[in-house]
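Asks: Construct all of the structure, not just a fragment, from the sequences and the given hints.
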Amino acid sequence: MLKALRKDKHLRVPSLGDESILIFRKSKKRYRKWEKQIIEGYSDKIVDVFEVSKRQREIVLAMSFYDLEELVEINPKAGSCYVLSASEPFNEEMEIDFERLV
396 MLKALRKDKH
406 LRVPSLGDES
416 ILIFRKSKKR
426 YRKWEKQIIE
436 GYSDKIVDVF
446 EVSKRQREIV
456 LAMSFYDLEE
466 LVEINPKAGS
476 CYVLSASEPF
486 NEEMEIDFER
496 LV
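If you're matching positions, the sequence shown starts at 396 in the working numbering and goes up one per residue.
Don't read these hints as lab results, they were simulated from the structure.
In this text, a Cβ means the ideal position worked out from N, Cα and C, and glycines have one as well.
Mixed in with the good hints there might be a few duds.
Capping the alpha-carbon separation at 25 Å, the derived lysine-lysine pairs in PhoX-like fashion look like this [stated by the list, open to error]:
id	residue 1	residue 2
1	Lys421	Lys431
2	Lys431	Lys402
3	Lys398	Lys428
4	Lys472	Lys423
5	Lys398	Lys431
6	Lys402	Lys440
7	Lys423	Lys449
8	Lys440	Lys424
9	Lys402	Lys428
10	Lys404	Lys421
11	Lys421	Lys440
12	Lys449	Lys424
13	Lys428	Lys440
What follows is a set of in silico ranges between Cβ atoms, one per label pair, in the way DEER data are often shown [stated by the list, open to error]:
id	residue 1	residue 2	range
14	Leu406	Glu468	30 to 38 Å
15	Arg425	Asp403	27 to 35 Å
16	Arg450	Ile491	30 to 38 Å
17	Asp443	Met396	17 to 25 Å
18	Gly474	Leu400	28 to 36 Å
19	Gly436	Ala457	19 to 27 Å
20	Lys431	Glu494	32 to 40 Å
21	Ala399	Gly474	33 to 41 Å
22	Gly412	Arg452	22 to 30 Å
23	Leu466	Ile441	13 to 21 Å
24	Glu435	Gly474	35 to 43 Å
25	Lys398	Ile491	31 to 39 Å
Replies: This is the structure in structure tokens:
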């Protein structure tokens, strides 16, 4: 998607090749085809939960509510900050998820 967005001259979309951007690899058994392509194409940019845990003072990690289980392995240090950036719940399932989070 980033490659497609970069073609629009009106948008300033970063390149995955930018030295300040890393790519977080979620802990899972199977990866989709597009995920494998990114992992293979940017192998020097890939970080996992263990790398993020070691370098957590250097890394800002963006993740969704459904990725939060990864935080258990990252084990954030005391004083770490979590910014919830999501729309307000607009159905019962989202309300339940939000209540579990807070």
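Asks: Now, for every hint given, state plainly whether the structure supports it.
Replies: Each hint tested on the structure:
For the proposed pair Lys421 and Lys431, the alpha carbon gap of about 12 Å is at most 25 Å, so the pair holds. A threshold of 25 Å between alpha carbons decides the hint, and for Lys431 with Lys402 the separation of about 23 Å falls inside it, so the pair holds. A threshold of 25 Å between alpha carbons decides the hint, and for Lys398 with Lys428 the separation of about 16 Å falls inside it, so the pair holds. At most 25 Å may separate the alpha-carbon atoms for a hinted pair to count; Lys472 and Lys423 meet this at roughly 24 Å.
For the given pair, Lys398 sits about 16 Å from Lys431 by alpha-carbon distance, which is consistent with the 25 Å threshold. The hinted pair formed by Lys402 and Lys440 meets the criterion: a straight-line CA distance of about 22 Å does not exceed 25 Å. For the proposed pair Lys423 and Lys449, the alpha carbon gap of about 20 Å is at most 25 Å, so the pair holds. For the hint linking Lys440 to Lys424, the alpha-carbon distance of about 20 Å falls within 25 Å, and the restraint holds.
About 22 Å separates the Cα atoms of Lys402 and Lys428, which keeps this hinted pair within 25 Å; it holds. Restraint check for Lys404 and Lys421: not satisfied, since their Cα atoms lie roughly 31 Å apart, outside the 25 Å limit. Among the hinted pairs, Lys421 with Lys440 is consistent with the structure: their alpha-carbon atoms are about 14 Å apart, no more than 25 Å. Among the hinted pairs, Lys449 with Lys424 is consistent with the structure: their alpha-carbon atoms are about 22 Å apart, no more than 25 Å.
A distance of roughly 18 Å separates the Cα atoms of Lys428 and Lys440; the hinted pair therefore holds under the 25 Å criterion. The hint said 30 to 38 Å for the Cβ distance between Leu406 and Glu468, and at roughly 34 Å that hint holds. Between Arg425 and Asp403 the Cβ separation comes to about 32 Å, which falls inside the hinted range of 27 to 35 Å. Between Arg450 and Ile491 the beta carbon distance is about 34 Å. The supplied range of 30 to 38 Å therefore holds.
At about 22 Å, the CB distance of Asp443 to Met396 agrees with the hint of 17 to 25 Å. At roughly 35 Å, the beta-carbon separation of Gly474 and Leu400 lies within the given 28 to 36 Å, and the hint holds. Range check, Gly436 to Ala457: Cβ separation about 20 Å, and the 19 to 27 Å hint holds. Against the hinted window of 32 to 40 Å, the Cβ-Cβ separation of Lys431 and Glu494 comes to about 36 Å, which satisfies the hint.
In this structure, Ala399 and Gly474 meet the distance hint of 33 to 41 Å, their C-beta atoms being roughly 38 Å apart. The hint said 22 to 30 Å for the Cβ distance between Gly412 and Arg452, and at roughly 24 Å that hint holds. Look at Leu466 against Ile441: about 19 Å separates their beta carbons, and that is inside 13 to 21 Å. At about 36 Å, the beta-carbon gap between Glu435 and Gly474 stays in the expected band of 35 to 43 Å.
Range check, Lys398 to Ile491: about 36 Å between beta-carbon atoms, so the 31 to 39 Å window is met.
The structure fails to meet hint 10 from the earlier list, while all remaining hints are met.
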